[in-house]
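Trainee: Protein chains in written order, with this note's numbering: chain A, 922 to 1315; chain X, 922 to 1315.
Hint data in this document are derived by calculation from the structure and do not stem from the laboratory. One or more hints might be untrue.
Each pair may be met inside one copy or between any two copies, as identical chains are not told apart.
[What the hints assert, rightly or not] Calculated lysine-lysine pairs in the BS3-like style (CA-CA distance at most 30 Å, straight line):
1. LYS923 / LYS1004
2. LYS1267 / LYS1202
3. LYS923 / LYS1061
4. LYS974 / LYS1212
5. LYS1202 / LYS943
Number of protein chains: 2
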Amino acid sequence: MKYHISDTMKTMQGSAIREMFKTMAKPGIISFAGGNPSPLTFPVEEIKEIAQKVLTEMPSLCLQYGITEGYTPLIEQVEARLKKQGIYREGSNTIITTGGQQGLDLAVKSILNPGDTIIVEEPSFIGALNSFRTYGAVLKGVPVEDDGMNLDKLEEILKSDDRVRIIYVIPTFQNPTGITMSLEKRKKLLSLAYQYNVVIFEDNPYGELRFKGENVPTLKSMDTENAVMYFGSFSKILAPGLRLGFTHGIPEIMEKMVVAKQVNDVHTNLLTQVIASEWLKTCDIDAHIAKARELYGHQCELMLSEMDKHFPDFVKYTRPEGGLFIWCTLPEGIDAAGIVKKGVEKNVAFVPGSNFMTDMSKPCNCFRLNYSTMTDDKIIEGIGILAEVLKENL
Amino acid sequence: MKYHISDTMKTMQGSAIREMFKTMAKPGIISFAGGNPSPLTFPVEEIKEIAQKVLTEMPSLCLQYGITEGYTPLIEQVEARLKKQGIYREGSNTIITTGGQQGLDLAVKSILNPGDTIIVEEPSFIGALNSFRTYGAVLKGVPVEDDGMNLDKLEEILKSDDRVRIIYVIPTFQNPTGITMSLEKRKKLLSLAYQYNVVIFEDNPYGELRFKGENVPTLKSMDTENAVMYFGSFSKILAPGLRLGFTHGIPEIMEKMVVAKQVNDVHTNLLTQVIASEWLKTCDIDAHIAKARELYGHQCELMLSEMDKHFPDFVKYTRPEGGLFIWCTLPEGIDAAGIVKKGVEKNVAFVPGSNFMTDMSKPCNCFRLNYSTMTDDKIIEGIGILAEVLKENL
Chain A
922 MKYHISDTMK
932 TMQGSAIREM
942 FKTMAKPGII
952 SFAGGNPSPL
962 TFPVEEIKEI
972 AQKVLTEMPS
982 LCLQYGITEG
992 YTPLIEQVEA
1002 RLKKQGIYRE
1012 GSNTIITTGG
1022 QQGLDLAVKS
1032 ILNPGDTIIV
1042 EEPSFIGALN
1052 SFRTYGAVLK
1062 GVPVEDDGMN
1072 LDKLEEILKS
1082 DDRVRIIYVI
1092 PTFQNPTGIT
1102 MSLEKRKKLL
1112 SLAYQYNVVI
1122 FEDNPYGELR
1132 FKGENVPTLK
1142 SMDTENAVMY
1152 FGSFSKILAP
1162 GLRLGFTHGI
1172 PEIMEKMVVA
1182 KQVNDVHTNL
1192 LTQVIASEWL
1202 KTCDIDAHIA
1212 KARELYGHQC
1222 ELMLSEMDKH
1232 FPDFVKYTRP
1242 EGGLFIWCTL
1252 PEGIDAAGIV
1262 KKGVEKNVAF
1272 VPGSNFMTDM
1282 SKPCNCFRLN
1292 YSTMTDDKII
1302 EGIGILAEVL
1312 KENL
Chain X
922 MKYHISDTMK
932 TMQGSAIREM
942 FKTMAKPGII
952 SFAGGNPSPL
962 TFPVEEIKEI
972 AQKVLTEMPS
982 LCLQYGITEG
992 YTPLIEQVEA
1002 RLKKQGIYRE
1012 GSNTIITTGG
1022 QQGLDLAVKS
1032 ILNPGDTIIV
1042 EEPSFIGALN
1052 SFRTYGAVLK
1062 GVPVEDDGMN
1072 LDKLEEILKS
1082 DDRVRIIYVI
1092 PTFQNPTGIT
1102 MSLEKRKKLL
1112 SLAYQYNVVI
1122 FEDNPYGELR
1132 FKGENVPTLK
1142 SMDTENAVMY
1152 FGSFSKILAP
1162 GLRLGFTHGI
1172 PEIMEKMVVA
1182 KQVNDVHTNL
1192 LTQVIASEWL
1202 KTCDIDAHIA
1212 KARELYGHQC
1222 ELMLSEMDKH
1232 FPDFVKYTRP
1242 EGGLFIWCTL
1252 PEGIDAAGIV
1262 KKGVEKNVAF
1272 VPGSNFMTDM
1282 SKPCNCFRLN
1292 YSTMTDDKII
1302 EGIGILAEVL
1312 KENL
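So that you can see chain A by itself, here it is in the shape it has in the complex (with noise of 0.2 Å):
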């Protein structure tokens, strides 16, 4: 048998991260590699509560096919918990997805034909990049400065690329460079949009994780054209596991997205659909969150504070004001690939900044941090690793 892979399958390959983690799992490694929560964070004892509850109460619900645009009280919980947040927009609809990432995938399927572009934030999240790859989009990178995207760049792809269908951006503590883009770029970004017609996708899987600083106000609660996609987590304010996610946007894409979802995966996992909902309504989610924002706000602290004392002068890092990484940049030229290698050698994984390119071919003077599951011994002792490596290769 010869076996024939479609075009647009044919040259993805697994996400380099995750080959990555292969090597990188020695027992006993130090690991700022990885974007997972704490599972200090986890709520472990309310879930086996509330599982127990929901089983007892209404098991059928929780084990039979349900509805694919997700299950009623959790969306109307979503959607109250936006309106909060202010957020929430007349005019869109929400639906439960199997994780954030669902959404985002679902939402270009919905959108996209193959050669058309997405703008993405250079550099920017490789899942999504890996998604709106599958569906053969055309992906265009704009650099992120200490305020988000930068603007004149994306306007002028915008001028010049009459296929631009999508802008993708992490607006708030961005994955992986940590910087939240500032309320102006945030407006003129909203009006490029609307002048040339493009939607744009607001991922923000950590926007609640703030530890510092002032809230920005997101894309979607400014977004007066229904011209934003918003896609939010459960991941990284409950647990991942759950895979748990919602989509909040346009009625005519979300419509498309449902029918894709239903021929997908049928409908999200009940069982925690339920769970989630059960806990919203009676466990204090706001003071949950409290606490991992003061965890990931001392993890971050620290770390900062070690790479002041012990990193050379010529690498320079962004000092994030939530989320769970910290980007750090060696002197042009130099290939950060090769600083990973030796950090693994000695016991200390991080990921090289090639891997969030649109071009990862090409060499990367950056590498992302992740300071959200480590304890404070190993980011010490980490950091002091890493300090030694990148002084005896530089």
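Keeping the supplied structure of chain A fixed, place chain X upon it in accordance with the hints.
Mentor: Structure of chain X alone, referenced to chain A:
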């Protein structure tokens, strides 16, 4: 804003069955329309106990991100069961999917270019047909006979169309007909697939629900050339709300499916994967399935005997040996859609045959009955009403 919709999604509508269900959602309606397993078969107490156990013993595992391919112990258990059933093939891989549906969806995404052909049984499962449509498949239907797909018609298409990439079949207790493909036809089908270098999708969600007759080996169990992608599901033997299925198949295709899954939902819900794994480990799945078989056997026999007693002679129907469905055929030229409408007026719901066809716009003289969710009283009452409707309207 003017919204762009992708060419493949532009023509997609929500499942007509689903829309119909809304009009059928009358209080007290007797529904033979769904395809749900009976909630009586859900092992609620076991799941409840296991949920406590796994959330106590391994909370982080249940709640953290996991591996795209699936929870390793569950993969091993699925493979062990496939081995016991003779279905497992050396040289094939296994992944856990978010329901059986996701396996189909990812596999076709991995293989198909828009404009490629998929041969399907006619009638067939609308969820699969719609998934294929969203990837731009040209669907060519081959009539289902009493012993399965007409293989002469199949070969005609294979001979004349060099873009056939997939033959999609539900060989055992087919949805919607309840028909099982004969061993002879299965062997011939395999040899045709080898000869024309076409991959077979063997969808087998009902295979374990045999309540009568002799077991017929799956295509995969006889697949010497690795041409068969085998799709299994926990929906009908454990519970659909958990969204658990698996694919066992060709490594070259599975590898792309894993990449597609990673950008689709990252991984399948871990809480329910761990619950299913623990259930397989500690509970007697064979005894459990035996009870489901007994229930469905009883319900099917009751429905058939009521149909035998009350249906007018001109209605022909299948006599399934397993699964969830009976397929009824009216005289040529009658459109079953009219009968369905009359049925709903009299409080009995079922699905017109056109929904299961490659061309859904054509009138169809068939309809599908499901017997798994109604009580004995309702089956007797509903078939009585339906018999009256048939007599009055033909």
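Trainee: Look at each hint and say if it fits the structure.
Mentor: Okay, the hints, checked on the actual structure:
Taking CA atoms no more than 30 Å apart as the test, LYS923 paired with LYS1004 passes between copies only; the shortest distance there is 26 Å, against 54 Å inside one copy. Taking the shortest Cα distances, LYS1267 and LYS1202 never come within 30 Å of each other, neither inside one copy (47 Å) nor across copies (40 Å). Taking the shortest Cα distances, LYS923 and LYS1061 sit within 30 Å of each other only across copies (22 Å), while inside one copy they are farther apart (34 Å). In this assembly of identical chains, LYS974 and LYS1212 lie within 30 Å of each other by CA distance both inside one copy and across copies; the values are 25 Å within and 26 Å between.
Proximity of LYS1202 to LYS943 under the C-alpha cut-off of 30 Å is restricted to the inter-copy arrangement: shortest distance 28 Å between copies versus 40 Å within a copy.
In the structure shown, a violation is registered for the earlier hint numbered 2 alone.
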